[in-house]
Amino acid sequence: MTATLYGLTGAALVGIGLYGLIVRRHALRRLLAFNLLGSGVFLLFGAVAERAGPGGDPVPHAMIITGIVVALAATALGVALVLHLARETGRAEPDPPEG
Amino acid sequence: MTALWLLDLCLVAVILAVALSAVAARDLFAATVFFVAYGLLIALAWVRLDAVDVALAEAAIGAGLTGVLLLGVTARVHMEARTPGPGRGMRLAIGAGCAAVSVALAAAVLSLPVPAPSLVPAVEAAIPATGLGNPVTAVLLAFRGYDTLLETLVLLLALLGVWSLAPDRLWGGRPGLRHRARPEGTLAWLGRLLPPIGLLVGVYVFWIGSDQPGGAFQAGTILAAVWLLAIMAGLSDAPPVRSLALRLVLVAGPVVFLGIGTAGLFVAGAFLGYPPAAAKTLIVTVEAALTLSIAATLALLVAGAPERAP
Amino acid sequence: MRLALDLFTILCVSAGGVFFLAATIGMLRFPDTLTRLHALTKADNLGLGLVVLGLLPRMEGVAEALKLVGIWLLALLAAATVAQLVARAALRETAGQPGGPPR
Amino acid sequence: MAEFLVVAAAFVLLTVGAGLVRILHGPAEADRMMAAQLLGSGGIAVLLLLAVAMERPAAVDVALVLALLAAFAAVAFVKGRSPSGAGDPEA
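Chains as they are written, first to last, in our numbering: chain A, 1 to 99; chain B, 1 to 310; chain C, 1 to 103; chain D, 1 to 91.
Just chain A, same shape as in the assembly (with noise of 0.2 angstroms):
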């Protein structure tokens, strides 16, 4: 019961970060769009581990860990490019494609 809750709610937050990350035009706020989207697909992961019995399946609950640490790293060298580019150009987006 409680891994389907949150099962579903991992789903909407994919929905909901992806929705960030397309329409949001900010390159921060498409940072923060995307960690939501991925925290959304690691909650998924962490339902599956959970129906595997009390304490959940290790497997995965490393893997969501290894995940969360390497989207951190990646954040933080996605802010360090939002720097750059605002130190730059004196903006926080990237150049609209062409056309």
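Across the chosen pairs, the derived CB separations fall in these ranges: (1) B/P310 with C/L91: 31 to 39 angstroms; (2) B/R144 with A/G53: 19 to 27 angstroms; (3) A/P94 with B/A96: 19 to 27 angstroms.
If you are wondering where the hints come from, they were derived from the structure by calculation, not from laboratory data.
Beta carbons: idealized from backbone N, C-alpha and C, even for Gly.
Let chain A serve as the given structure and place chains B, C and D on it in line with the hints.
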């Protein structure tokens, strides 16, 4: 227990409201604060999903490091995006598409196989050979050791990416500006008081990680956060990235891991294998080196690209 | 004895909940930033403190109980310093604005 | 007893969750920061209540980490608001 069901519903409702607000809020700073709040709430969700190891990592990262990373920079990138976003009709279409993705995922959740597939028996059968009591640590350091090894390399790659954003003349310099705080002030006081406690908590989380929730990643994150606090309080300065000592600490974890893993080829008959008699000692050694490297890598990732000439 | 301890827990945790409620109401209803900060730091410290107090008799041993008290002390420390620092930031941010301090 | 503790946890969670409306309304950045701070204390309380009710003593360690790092986001915030981004926030 129906009360737990009530709690779950409350938690899920607040999580979804906060996530929506983080996307929908007009103000960049408000969106960022919503996201930091989100990290804390997700840590609660992990406890409810019986994943306390994950909850520890999420608490240290989502509620600690992410906040330091994002809230410090919003003032530097507060400029509005100038490219107009998609129009109303387009937003509706995108929203419908994203909702469709969510619905498809929800359908997958509702049709998960019964009984649930599980790797618990496999882990339980193999864990006595590691001498560990915490199955998550056993998976991270032994059963899927190559994942963890590659992950530490990914962290180093990300750090190289951040450093490479420095202009040529600053290469090798110190990240960020020199932080100042009045020596008798509140911040300096906090900066002197918390790091020793944080060090203790970090070592504790590392140490119990062999048998209970905890371990190298959680401890490394805590140590990184504490180091960043000392830097922000002006009590310590970020080291220049050309420093040999720093670079040795950064690679210590992967090198020790790789060394012991390679030795496993000859002693235990497999790369990243451990001889059962010495497994626990070796794993704790690898974990100790990893904790140091993860702490240094994460702290420098958050500190950013070099901004001061060496 | 058992009943008395249960009663103690229920009383303390309930009172803690009331203080969290008070902190939230204060933060939502008080008119300006500094009074809101005041309400918040008073009430959430007490709220958490009462919850900790109520849970103390349910801990397995002395070490666990001490850990609980340590958590409360850390939260107190954080709340006190954050109140100081955020108040200064608020003063600087609202200086000269209506409802804020004179510049 | 466990039932009561869980209900209390749900109550605290909903209360501090409602306080998050402050993040939306501001008006000062300090107001938004405060709401997150209140959620931090509330989250610690919820974790402790759950640790006892669910009989997961390890969840107390999660609360310990939250309490240790509770001030960090706010410190980064006030630092970022000082003129250079690294100056004395108490100047």
